[in-house]
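Heads up: the protein sequence lines correspond to chains W and H, in order.
Residues 1 to 476 in my numbering are what the first sequence spells out, letter by letter.
Residues 477 to 987 in my numbering are what the second sequence spells out, letter by letter.
Since the hints were made in silico from the structure, they are not lab data.
Cβ atoms here follow ideal geometry from the backbone N, Cα and C, with glycine treated the same way.
Some clues are possibly wrong.
What the hints assert, rightly or not - If you want a taste of the chain W side facing chain H, the calculated C-beta under 7 Å gives, among others:
id : residue
1  : 11
2  : 14
3  : 17
4  : 239
Here is what each chain is made of, one letter per residue.
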Amino acid sequence: MTPVTGPLGGLLAAPPQVVAAGVGVFSDALRTQGVSVTDVEWRPPTLGDADDLTVLALDPRRATANRTAVERVLAAGSVLTDVLPAREVLDLPERTLLHSGPPLSWETASGPMRGAFIGACLFEGWADDAAAAERMLAAGEVAFDPCHHHRTVGPMAGVVSPSMWMWCLEDPVHGGRAFSSLNEGLGKVLRMGAYSAEVVDRLHWMTRTLGPVLQRAVRSRAEDPLDVKGVLAQMLQMGDEGHNRNRAGSLMTLRELSPAIVEVDAPASDIGAVLRFIGGNEHFFLNLGMPTAKLAMDAARDVPGSTMVTVLARNGTEFGIQTAGTGGRWFTGPAQTPVGLFLGDYGPDDANPDIGDSAIMETYGVGGFSMAAAPAIVRFVGGTVPDALATTERMYQITLAENPAMAIPVLGFRGAPTGIDVVAVARTGWLPQINTGMAGRVAGTGQVGAGLVQPPPECFTGALAALAAAARAAAV
Amino acid sequence: MATPVASRRVSAPTTTPDISDGVRHVSLRSGVYADSVRLMQVSRDAGSGDGVTAVLVAMATPLNLELAASMGLAPDGDASPEQLLIAVRARDDEALAAALAAVEAALAHRERSTGTAGAVPVRTVGAALDDAAPDASVLAVVSVPGPYAVAEALDAVAAGRSVLVFSDGVPVEHEVGLKQAARRAGVLVMGPDCGTAIVSGVALGFANVVRPGPVGLVAASGTGAQQVSCLLDAAGVGVSHVLGVGGRDLSAAVGGLATLDALAALDADPATERVLLVSKPPAPSVAEAVAEAAAGLATPVRSAVLSADSPDLTAAVEALLGDLGVDVPAWPSRPGQGTAAPGAVLKGFYSGGTLADEAMLLAAATLGDVRSNTPLRPELDPALDWGTDHAARGHVVVDFGDDALTVGRAHPMIDPALRLEAVAGLAASGEPAVLLLDVVLGHGADPDPSVTLVPVLSGAPFPVVVALVGTEADPQCWSRQADALAGAGAAVFASNAAATRHALTLLGAAS
């Protein structure tokens, strides 16, 4: 950058170019003078209080705090270190189920969330049938807690029970750890709210065979652990956006792990089944991508004055966000129903409101934010290629940085828009764009489609007010 | 993926003199990643510098570390593949520093999007400035509604750019915060509520086309700056810059933050030989600080402070012309028609607040306190509510540019409707009067104000006096407007003080 010389940044050194926001008559007057004018297409903010916005804009801590927060996000790494049952790695009290999104109760839980809770009770053997499980859950005999409170992220319902095997990932830069369950595949699966025998049987097979085989394979690479961030970076070069398309990432993971899997001392039929399962699941990588994003966002927790979003998560009833400047406090609003395409005969009436911790991918700048990297799926979520490019371009205006590790080829290898700024969301009125799967509204249905969704504005209005209150308190 | 995970310790950069082979720099950096093709380009760009003998900028993979070792540029301590290795050997320290700067610049280079330009609107000043060339002289102009103006203006400050804030309605504590941030960033905030500036000949907001020249203006008053710069132009003296600071800058709360920075910048500006400070009376503590700062400058500073003691901007311009050794010209004017009826009162209908103040200050000597929506002495004289009392009788001066009269409508320099209605109302009222108006020309203003004024003034049953603030080079052309207004019977003056005195003379003749 050529340094600008003279006082006031060289203001008086040469006739200025102008960036103008507001009344058009001044821009017109400048153009008649032959001045180069860039007009800002300013709109009155549609969410948040104007004084809150100004207080945050003026907060002298904010620029540095946001830089600190986003630099931690960018610097964070992610390696796969182990595979263990949830009860061995998580601080999980007895008879507790983890779930996606902000806190909820049985009464407020949506259909697919209830279905997943029922399925988990059946899988753990806490109940003999669905009716018994439902009675037990309604009676409050099982405690619920958000995954995010346990350094864990779960796609869709995100239900984790003590016997489920978890990916264990570490951030070698900051030393953080994060966890996610193993992905079950598509269709009738627990995370979509299905709990039929087929679903529970698969969970048992995963516990009996998949988990232990993966554990031994991953541990055999202790000296050379899988660099999951590296896989995510490469996926974006291969048509994945890391949320709704994980095809390349899943294949790369299979390629990386299969030699170690084959070397595990287990019956050939088990090895074959494991390899077939991974190879047949295009979303296998999602449960590795999510804790990778979680590691990065957790690295930026608790930076006073930062207005960066650290969590976007939905529980099927409510959407919740957290920010670096407000710690573990949730700011919630009603979850919206995604708009997109439906499988088979399903239609919009069959879709449950937004659900899952997988929006951690967007929080990290991939997924819907890097839609431009994944033209192959834009039609699947009901969009067009120009929409995808425009979506990513918009997200640059609500984020703090571009992640050089996550380059988007079609945008000239520009880094993914990373680090959502609550203030920028309020000022532009552009809510984060999330790519998502859609679960059936009725418990037990499974997946009904995929599409696009946004957080409700209430999350950002609430976060903005709390951040402004903190800024006012800090100024006193 | 087969990447050994070793210690993540970041080794300190080592710059080791090497007698046989120049100097070298080897460092490892975490949190930076770029693909190998990009890094090859970075290495190539940095390696093309004079005196640079070897450059390797690469991820610290085993292969690249081996390569670095073969070049004699191995890092000390452990390296991991997530780290970026920066290794340079050069002839001397100077070449090494240049190569490292080139590496930094190449790494910081942001890839531009292709093929989608213009697809997405730019919603904030910050986003627009992201796209501006870093070495260009860029200024932001913010005229969004007051409650949102500070956030947009701060985008400019954060980007190291000066900003003009036209918006009013910004709480004073936010103005202070904004201007303190600007001082920390070394840039200027003109405003809030700054209507006028000229930077290197570029007119911002309401400003006239004046010739370039040696006088720099610092103005806490927009129409005051327009009056002064137009009179200077009429005397053949040009301006270097007009830096508006906003009407509250010299208040005790703001403390002259922008005025002091603007004075210093003009002092350092080679084009500026004289500085004229145009304002209403500052808070005493601020006046002292400004006077002290002005005394410390190499460039002579004269003040045109409008007050009961010095009620006349034209006189201040004449004094400055004296400083410059320039003869005071006969200020342009056109004679008017008609005489005032017995018992006539002064009706001053103004669009410029400072010009209204000047008229009231000059009138006070003969008429005493004048009723106004912006009274000179609010403590003695409750403000006239023009919205409910637009038929107020007696001597009245109304500032139609006051915030209360511009809510939901454009400034009277752009939209004359409210004032034209007032003139028609006065004519219909039958109250004997002398009507005193300002008409301000220049960029941003009504493109042809005489078109709407002439029909209203032609039939007026009272004499009309117009202070016509502008220059021959303005888009509206001073003499064309003056001739049209004189044709409708108005007396026209380039000087507001002269216009006011003429109106007072007409009133005196009638009494």
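Against the earlier hints, flag every one the structure doesn't satisfy and list their numbers going up.
-> Violated hint: only 4; rest satisfied.
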